[in-house]
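Number of protein chains: 2
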Amino acid sequence: MDKITLGPMPYMSVMPTLLVGANVKGKANYMTAAWATVACMAPPMVCVALNKTRYTVKGIDENKTFSLNVPAAKHVVETDHCGLVSGAQQDKSAIFTSYYGTLKTAPLAEECPVNIECRLFRSVDCGSHLLYIGEVVEIHADRSCVVDGKPDTVKTDPIVYAQSAYWHVGKPAGKAFSVGKEYKKK
Amino acid sequence: MDKITLGPMPYMSVMPTLLVGANVKGKANYMTAAWATVACMAPPMVCVALNKTRYTVKGIDENKTFSLNVPAAKHVVETDHCGLVSGAQQDKSAIFTSYYGTLKTAPLAEECPVNIECRLFRSVDCGSHLLYIGEVVEIHADRSCVVDGKPDTVKTDPIVYAQSAYWHVGKPAGKAFSVGKEYKKK
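Sequences listed follow chains A and B, in order. Sequential numbering of the first sequence, starting at 1330, is according to the working numbering. Sequential numbering of the second sequence, starting at 1330, is according to the working numbering.
Note that these hints are calculated values from the structure, not bench results. Be aware that a few hints might be false.
Identical copies go unnamed one by one, so any copy, or any two together, can satisfy a pair.
[What the hints assert, rightly or not] Restricting the straight-line Cα-Cα distance to at most 25 Å, the calculated cross-link-like pairs of lysine to any residue (SDA-like) are:
{"id": "1", "residue 1": "K1479", "residue 2": "E1391"}
{"id": "2", "residue 1": "K1500", "residue 2": "V1406"}
{"id": "3", "residue 1": "K1514", "residue 2": "G1503"}
{"id": "4", "residue 1": "K1393", "residue 2": "D1454"}
{"id": "5", "residue 1": "K1513", "residue 2": "L1413"}
{"id": "6", "residue 1": "K1484", "residue 2": "G1503"}
{"id": "7", "residue 1": "K1381", "residue 2": "E1440"}
{"id": "8", "residue 1": "K1403", "residue 2": "S1507"}
{"id": "9", "residue 1": "K1513", "residue 2": "A1402"}
{"id": "10", "residue 1": "K1332", "residue 2": "G1503"}
The task is simple: from the sequences and hints, build the whole structure.
The structure is reproduced here in structure tokens:
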């Protein structure tokens, strides 16, 4: 074993690249975020960590709704742009085409193959960041990306975020709840 | 636009494949989990959602510590195996070699190139799952995987989890906080 300590830091191996959608002062805004995951199965919930100073925070606090939009790799420039500029300085409502679903106040980005509509369940104050936990009210997806009622990973072509870089999803490494059956006790 | 609604479900585009380490009744146990991300920058925190019925839950509640271990793709069989069997039925302490760091009660899997030691900050009851938020106390990594003080994505070779399948990280899709500068207003 040749381990070294790196000190405490906000590290995760791989993360989803997402656009958090919120209406701020009645206008759609999208910010890039990667600190997100599923928080619960029943009811279905997701969570996303946002710096308290973000413009998006105002919108979520106001409407108690938000969206998580999954951009495809072909939109990596627009996606990264939404992380470089703040809605406080620049109107980002025209970068993507917005539409609204069940909640009416959570803008959904049409160009993203998957859109997750969320109703705020709870926000947890962790320090610099608020962890927003939202109940998934509806999932909208491009018909062309759906296989067996779910977004297909290859067709969706989501962007993996890791260590300040964007990545494509690569080759399969095994079927979950299956490949482990090959395990032989040492 | 050709969108269809898929109904509410616990969907996320891509997720990290991890082993959650906890001492249960004084013995190391590892369970496979993917519903995890960073929760805060300062102080650094991570979160992971666990079904309330999991054996691991007992250990985290008892010790108020846990670990998130990042297996490399070459250990996908052992990793998936830890998600197929419960510590309640089978002793999983010998699947990986455990060592302990700062916290003394959060087992770290030596074979995993990165180990995140966490002290429980809060658990949020979301329904079927508890969202455990932990402060990162230390990060341990294989010396051979570290570049500029951080785990390198290619050298670490983490497993991406998406839609019941494991994937390798693929080709680069752009530099974050950079590629967006190419954006031209439509």
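Here's how the hints hold up against the structure:
1. In this homomeric assembly, K1479 and E1391 never come within 25 Å of each other (Cα to Cα): the closest approach is 31 Å inside a single copy and 37 Å across copies.
2. For the identical chains of this complex, K1500 and V1406 are neighbours both inside a copy (24 Å) and across copies (16 Å), given an alpha-carbon limit of 25 Å.
3. For the homomeric pair K1514 and G1503, the shortest alpha-carbon distance inside one copy (19 Å) is at most 25 Å, but the shortest distance between copies (41 Å) is not.
4. In this assembly of identical chains, K1393 and D1454 lie within 25 Å of each other by CA distance both inside one copy and across copies; the values are 16 Å within and 19 Å between.
5. Taking CA atoms no more than 25 Å apart as the test, K1513 paired with L1413 passes between copies only; the shortest distance there is 13 Å, against 48 Å inside one copy.
6. Taking the shortest Cα distances, K1484 and G1503 sit within 25 Å of each other both inside one copy (18 Å) and across copies (19 Å).
7. For the homomeric pair K1381 and E1440, neither the shortest alpha-carbon distance inside one copy (27 Å) nor that between copies (37 Å) is at most 25 Å.
8. Taking the shortest alpha-carbon separations for K1403 and S1507, only the inter-copy value of 16 Å comes in at or below 25 Å, while the best intra-copy value is 32 Å.
9. For the homomeric pair K1513 and A1402, the shortest alpha-carbon distance between copies (17 Å) is at most 25 Å, but the shortest distance inside one copy (38 Å) is not.
10. With identical chains, the CA atoms of K1332 and G1503 are never at most 25 Å apart, being 27 Å at best within one copy and 30 Å at best between copies.
The structure shown violates the earlier hints numbered 1, 7, 10.
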